[in-house]
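Asks: Following my numbering, the numbering of the sequence shown begins with 137 at its first residue and continues without gaps.
Please keep in mind that the hints were generated in silico from the structure rather than gathered at the bench. Heads up, a few of these hints could be off.
[Claimed, not checked] Listed next, with one range per pair, are the computed distances between beta-carbon atoms:
id: 1; residue 1: L391; residue 2: D172; range: 18 to 26 angstroms
id: 2; residue 1: T382; residue 2: P322; range: 19 to 27 angstroms
id: 3; residue 1: A150; residue 2: A257; range: 24 to 32 angstroms
id: 4; residue 1: A195; residue 2: G159; range: 36 to 44 angstroms
id: 5; residue 1: P385; residue 2: E325; range: 31 to 39 angstroms
id: 6; residue 1: A150; residue 2: G338; range: 23 to 31 angstroms
id: 7; residue 1: R249; residue 2: D172; range: 39 to 47 angstroms
id: 8; residue 1: D361; residue 2: P385; range: 31 to 39 angstroms
id: 9; residue 1: A246; residue 2: D172; range: 23 to 31 angstroms
id: 10; residue 1: D335; residue 2: Y386; range: 30 to 38 angstroms
id: 11; residue 1: G267; residue 2: S287; range: 27 to 35 angstroms
id: 12; residue 1: G159; residue 2: D324; range: 39 to 47 angstroms
Ideal placement from N, C-alpha and C gives every residue a C-beta, glycine not left out.
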Amino acid sequence: MGVVTDILTPERAALVERMAALGARFAERAEAHDRDATFPTDNWADLRDAGLLGLCIPAADGGLGGDFVAYALVSEELGRHCATTALTFNMHTATTILVGQIADDLDLTAAERSLLAERRAELRRGIVADGTIHSQPFSEGAAAGATAGYSTRAVPADGGYRVTGRKIFASLSGAADIHNVVCLVPGDERIRFMGVPADAIGATIEGDWDPLGMRGTDSRTLVLDGAAVPEDNEWLPPGAFDQAATRWPYFYMTLSFAYLGLM
């Protein structure tokens, strides 16, 4: 598989093989999905059936227990077979890494850790039990990896927030069940990370998406106009994302692994 053997532990190799077992059918479908600009729903059903939606969810929570390195290897393997599926799978899995391995490495108070554990348990349960698909549209036109300058605002409201803003290149825009966005609460400079239900009133998808080789990613624009977000969908404590962006800067490299598979 062309990887450095000291990172390819037996556990990680087994996860790569699990993805490789799906590769042939993904490759057969890849051309049609790009030609017809269709989201690879069939591939995502196969990922769900293989347990791979929970790739980076701990085994104790029903997932496969993969870490950041395991994701890198599995994503590269997926990229060999279908770029569209690999690029969209990144957005889903990156969320589980962010609220999991990365969040565990941050400086949080006991109360923050308790709340994190409670909320991510529900996020993980939804993925494992219900096949919930997560997207991660961060981009607003600012520099990649920027930790300031987000224009999306979350205004506190009864039971949660009302979120307003625009997220471009929102991959899985028509397929995700939850869009995980970064935003700011007025008067508070700490970045928030919260999940907007796809069916929330005030959440719409706009525009077209037709770039060669990526037509199937469905990366249109997510428009939020006072979209209701339950308070339990604020996955990270306020300011935790700021820590993650500086202490785990390689988090922004997750898309790179899919491109390695395309080479």
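Asks: Hint by hint, say whether it matches the structure.
Replies: Quick rundown of the hints versus the structure:
The hinted window of 18 to 26 angstroms between L391 and D172 holds, with their beta carbons roughly 23 angstroms apart. Between T382 and P322 the Cβ separation comes to about 23 angstroms, which falls inside the hinted range of 19 to 27 angstroms. Between A150 and A257 the C-beta distance comes to about 25 angstroms, which sits within the given range of 24 to 32 angstroms. Checked against the hint of 36 to 44 angstroms, the C-beta distance between A195 and G159 comes to roughly 24 angstroms, which is inconsistent with it.
The hint said 31 to 39 angstroms for the Cβ distance between P385 and E325, and at roughly 19 angstroms that hint is violated. A150 and G338 have their C-beta atoms about 43 angstroms apart, which leaves the hinted 23 to 31 angstroms range violated. Distance hint check: the CB atoms of R249 and D172 are about 46 angstroms apart, consistent with the given range 39 to 47 angstroms. At roughly 32 angstroms, the beta carbons of D361 and P385 sit within the given window of 31 to 39 angstroms.
A hinted range of 23 to 31 angstroms for the beta carbons of A246 and D172 is inconsistent with their spacing of about 51 angstroms. Here the CB-CB span from D335 to Y386 is close to 34 angstroms, well matched to the stated 30 to 38 angstroms. About 32 angstroms separates the C-beta atoms of G267 and S287, a value consistent with the hinted range of 27 to 35 angstroms. Remark: the range hint 39 to 47 angstroms for G159 to D324 is upheld by a beta-carbon distance near 45 angstroms.
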